[in-house]
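Colleague: Take a look at the letters that make up each chain.
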Amino acid sequence: MRANVSKYELVTPASLADALKLCAGGHKPFAGGTDLMVLFESGKLPPGRYVSLWGLSELRGITADDAHITLGALTTYSDVRVNAVIAKEHPNLCAAAKETGALAIQNRGTLGGNIANASPAADSPPALLVAGAEIELRSLAGTRWVAYDGFHTGYKQTLMQAGELITRVRIPRASDRVSYYRKVGTRKAQAISKVCVAASAKVKAGVLSDLRIALGSVGPVPLRCKHTEAVLVTRVIDAQAIKEARDAVQKDIAPIDDIRSTREYRLTVAQNLVAELALRFVAS
Amino acid sequence: MIVGTKIPRKEGLQKVTGAARYVDDIVFPDMLHGVTVRSTAPRGKIKAIHFAPSIRWNEFTVITAKDIPGKNYVALITYDQPFLADTVINHPEEPVVLLAHHDKHVLEEARRAVTIEVEALPPVLTIEESLAKTQIVWGQDNSPHENIFKEYTVVKGDVAAAFARQDVSLFEAEYATGAQEQLYIENNGMIATYSAQDGVTVWGSMQCPYYVHKGLLPLFALGDDKVRVIQTETGGGFGGKEEYPTLLAGHAALLAMKAGKPVKMIYDRQEDMAATTKRHPSKTRVKSAVTKDGDLVGLDIDFVIDGGAYNTLSPVVLSRGTIHSAGPYHTPNVRVHSRAVATNSPPHGAFRGFGAPQSIFALERHLDEVARKMALDPVALRKRNFIRQGETTATSQTIREPVDLAAVLDKALAAADYDAKKKRFLAMNPSSVVKRGIGFATFMHGAGFTGSGEKTLASVVGVEALANGHVRVLAASTEIGQGTNTVFAQIVSDTLALPYDMIDVAQPDTRDVPNSGPTVASRTCMVVGKLVQSAAIGLEQTLVNAGDYKHGAGADAFAAACAKYIAKHGSLKCYSQYQQPANVEWDDKKYQGDAYATYAWAAYVAEVSVDMATYEIRCDDFVAAQEIGRVVHPVLAEGQIEGGVAQGIGYAIYEKVVWKEGRMANGQMTNYIMPTSADAPPIRVLFDEQPSPHGPFGAKGIGELPMDGPAPAILNAIAMALDVSPRAIPFLPEDLMALVKK
Chain U
18 MRANVSKYEL
28 VTPASLADAL
38 KLCAGGHKPF
48 AGGTDLMVLF
58 ESGKLPPGRY
68 VSLWGLSELR
78 GITADDAHIT
88 LGALTTYSDV
98 RVNAVIAKEH
108 PNLCAAAKET
118 GALAIQNRGT
128 LGGNIANASP
138 AADSPPALLV
148 AGAEIELRSL
158 AGTRWVAYDG
168 FHTGYKQTLM
178 QAGELITRVR
188 IPRASDRVSY
198 YRKVGTRKAQ
208 AISKVCVAAS
218 AKVKAGVLSD
228 LRIALGSVGP
238 VPLRCKHTEA
248 VLVTRVIDAQ
258 AIKEARDAVQ
268 KDIAPIDDIR
278 STREYRLTVA
288 QNLVAELALR
298 FVAS
Chain L
107 MIVGTKIPRK
117 EGLQKVTGAA
127 RYVDDIVFPD
137 MLHGVTVRST
147 APRGKIKAIH
157 FAPSIRWNEF
167 TVITAKDIPG
177 KNYVALITYD
187 QPFLADTVIN
197 HPEEPVVLLA
207 HHDKHVLEEA
217 RRAVTIEVEA
227 LPPVLTIEES
237 LAKTQIVWGQ
247 DNSPHENIFK
257 EYTVVKGDVA
267 AAFARQDVSL
277 FEAEYATGAQ
287 EQLYIENNGM
297 IATYSAQDGV
307 TVWGSMQCPY
317 YVHKGLLPLF
327 ALGDDKVRVI
337 QTETGGGFGG
347 KEEYPTLLAG
357 HAALLAMKAG
367 KPVKMIYDRQ
377 EDMAATTKRH
387 PSKTRVKSAV
397 TKDGDLVGLD
407 IDFVIDGGAY
417 NTLSPVVLSR
427 GTIHSAGPYH
437 TPNVRVHSRA
447 VATNSPPHGA
457 FRGFGAPQSI
467 FALERHLDEV
477 ARKMALDPVA
487 LRKRNFIRQG
497 ETTATSQTIR
507 EPVDLAAVLD
517 KALAAADYDA
527 KKKRFLAMNP
537 SSVVKRGIGF
547 ATFMHGAGFT
557 GSGEKTLASV
567 VGVEALANGH
577 VRVLAASTEI
587 GQGTNTVFAQ
597 IVSDTLALPY
607 DMIDVAQPDT
617 RDVPNSGPTV
627 ASRTCMVVGK
637 LVQSAAIGLE
647 QTLVNAGDYK
657 HGAGADAFAA
667 ACAKYIAKHG
677 SLKCYSQYQQ
687 PANVEWDDKK
697 YQGDAYATYA
707 WAAYVAEVSV
717 DMATYEIRCD
727 DFVAAQEIGR
737 VVHPVLAEGQ
747 IEGGVAQGIG
757 YAIYEKVVWK
767 EGRMANGQMT
777 NYIMPTSADA
787 PPIRVLFDEQ
797 PSPHGPFGAK
807 GIGELPMDGP
817 APAILNAIAM
827 ALDVSPRAIP
837 FLPEDLMALV
847 KK
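In order, the protein sequences belong to chains U and L. Add 17 to a position in the first sequence, counting from 1, and you land on the number used in the numbering used here. Add 106 to a position in the second sequence, counting from 1, and you land on the number used in the numbering used here.
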């Protein structure tokens, strides 16, 4: 381990109220640790004061009312995987949870942590974008809900203010939608995505409406592909539509070369998968 | 007979219960931890070393090249690699400063507080740059050999005449292979102590205790008996613990000597991946001359490997790659020209297969391309040219033992349902987004050291009987997960007709065991195992000659005879030393003759699918058929093959070392993609057994063999599925996309 342990403080608060006080004082949140422990091991986690959220039962659990499914920020991937309501209405989110890390990571990694870590390559953000998620941010100053679309403002940057914690995530109830999720990783499991696509739509007589497509690993933030969506709705999906959608993908995303893949590959695969999902949706 | 049965492995219980002690489990009183500070530039001159004032340096033991009591070189084939860089930097992970402290967390902060100021020089980072001599980075002597560690030429027959024949078609293409990390489970690690009385003692994870011993003698200018090397339980090696541990042992021992306390150095995965050896990248240009019926009448091969910054074992790796480059084919006219070149990356080193996977990849891909271009059946093309008993290899070695590689290939193809699948895939692929392919490779792998290597090593093995009749094998050959302890015990058990439980294998410790040679080159079971057997026979003969025992009299009689002998003489040990068999001859100058005492022969079949939406490649099914002489332990043997195939799948389509300025940029398991069990296909392992006189009970070498076949078999399957000619590995989805979009 390359970190100097003595340079870190990790406080376990008794309640959410205590945690918020600590955050207000500059403690940084530490949830499941599946991202931060990797940095810690390699000596790259900034030394300082952290607050462990893991024991805060207020931040756990999945509930549903007529309008929303609400997930506590500490909901783990394992919790999401097996939730019947989510599986029925937002299968993309379950698929994303299954694709994340391995079982041990899924037991420990949290939805709130995944959002706050703000990696453009994370598996659940495309599914959350497509689901129309909202994020509850809480601090000593109060509570606010923000749309998840637009939450990520730049590479590793978010709307979160100092002292704020992600406390809940809610997604609208959904029905009669078709879904598509595909993670293109570097191997079948235990992989970081090179391209990740989530989509859902309503389909009637071979025509798509309310189409939402979101991609991960193809820009500085996980993003909705609004040009592409606009091209594919309320028309027949023919070769011309697919061609236009491919062109639109190029406008929507900004992939780069990095150690995992290339700009060219990410763009081409994103285009291929948009074509695949459109054809699959209209065939369904 | 215990040989041929799947008896539990000797140290299995300790391993599965966690009782086995690896080097990092060992703690000495008052022990310090040590770390290495490395260069950051690939090439240059050290101008200064800065120690930041934020650290209380007086609490640390600090070592630089100036502190070395003896010679500052790692004694291997040549003496070019320093233990610590003094003035010159030749690769970006070059060790410059060593630090020790009792608190390893403080130590890491200190490591970050040392800055090596380097005046950068332009580096040579690729084989092409090295051959073009854009910079001379090794062997500056104005000779043609600048930048070249080693060069071989093998000539058989008349290649020029074969290529000039009117009745042949000529083919030529270049193939490339990448570096590969060994990824043993246990990282490199050592503990060292020093005292004036006992000298230097090191404990650690290693394949070759006597390599470490040899390397430490000049470093400390100590006598043989003042350096002691002990192998601790070792979690895998794959060649990665062949030569590298000498360097780490030297570092730990330098710190221990100066500190006057034991020092432990354990690399984390990040450092292990970045700084230690990897498989040599290679380029191979293959030219072939083939008659219309498919007779391979000429092969002209130019094989180049990237040795990195220092010579290390590159000449020997090059040798094995050179000899295997012409494959298991009886080609009357062969020329192989090969070179190992210098670049400014960390030295490339031993890795399972040792040069052979590189050149075999090139030839097996090439022959598939030849078959396709000539519209010949790739199976028929191979069979037509296989070496048969009495025919010769590229080094004009006559194969004296019976060999039937065609039968091995038939067996593999039948198990893989090759013909039917190929037909089905060709019919289905045009209308499918997922294209399927099936391909194969045929190859041989020489067991034991190359050429005169075994003769030079002249390995020695001992067996010792105790008064209770237990027999201990005394050898420096290490158990690194492959089963050395078990197969040695099996061999002794059957040789002496004693129960397996009465046979032990001594912990390799240079104070107690003779030099049985390094644990490498698929030699341990075959070459060392044969010495174990002959030493055991000698031991029994001693008792028989004493008139107290006869073979097969049973454990009690044996124990009684041992007790009597030991009471009279003090101890009972018998040693055996390697003698080159009379008919094995090798000419090092001409590179002709019996390159290996014997070979294992194999045919591997791979089935793949390629998703054309994502260009993802999966290996869906695998059949590995091989003739390896007598199978000593079926479970261990199958495990070797399965593991090697998995490692070969990684080599072919997953594992890519991303280089930036000579340094590995993706040295984490998150970004260096080793296949997991989810990516591994079912692997069916088939053995043919043609007992060889060179190994105990007919066994031949097996450890490296399975690394040779998967990459060409998989790429041949991809070529079939997509009608393309991929010529470089690792072959990733990005590469496939580039090839099909062209």
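Source of the hints: derived by calculation from the structure; they are not laboratory data. For each residue, glycine too, the CB sits at the ideal point set by N, CA and C. Please note that a few of the clues may not be correct.
[As the list claims (entries may be wrong)] One side only, chain U facing chain L, incomplete, derived with CB under 7 Å:
id : residue
1  : Gly60
2  : Asn100
3  : Val286
[Said to hold, decoys possible] If you anchor each label on the Cβ, the simulated ranges turn out as follows:
id : chain 1 : residue 1 : chain 2 : residue 2 : range
4  : U       : Lys268    : L       : Pro788    : 40 to 46 Å
5  : U       : Lys205    : L       : Ala327    : 50 to 56 Å
6  : U       : Asp274    : L       : Ala520    : 28 to 34 Å
Colleague: State for each hint whether it applies.
Modeller: Now for the hints, and whether the structure bears them out:
1. At about 6 Å, the closest approach between the beta carbon of U/Gly60 and any beta carbon in chain L falls short of 7 Å, and the interface hint on this residue holds.
2. Given the 7 Å rule on beta carbons, the hint for U/Asn100 is violated: about 24 Å separates it from the nearest Cβ of chain L.
3. For U/Val286, the interface hint holds, since its Cβ comes within 7 Å of a Cβ in chain L; the closest pair sits about 5 Å apart.
4. Distance hint check for U/Lys268 and L/Pro788: the Cβ-Cβ separation is about 44 Å, which falls inside the suggested range of 40 to 46 Å.
5. Evaluation of the 50 to 56 Å hint for U/Lys205 and L/Ala327 yields a pass: the beta carbon distance comes to about 54 Å.
6. Distance hint for U/Asp274 and L/Ala520: a CB-CB separation of about 45 Å, inconsistent with the stated range 28 to 34 Å.
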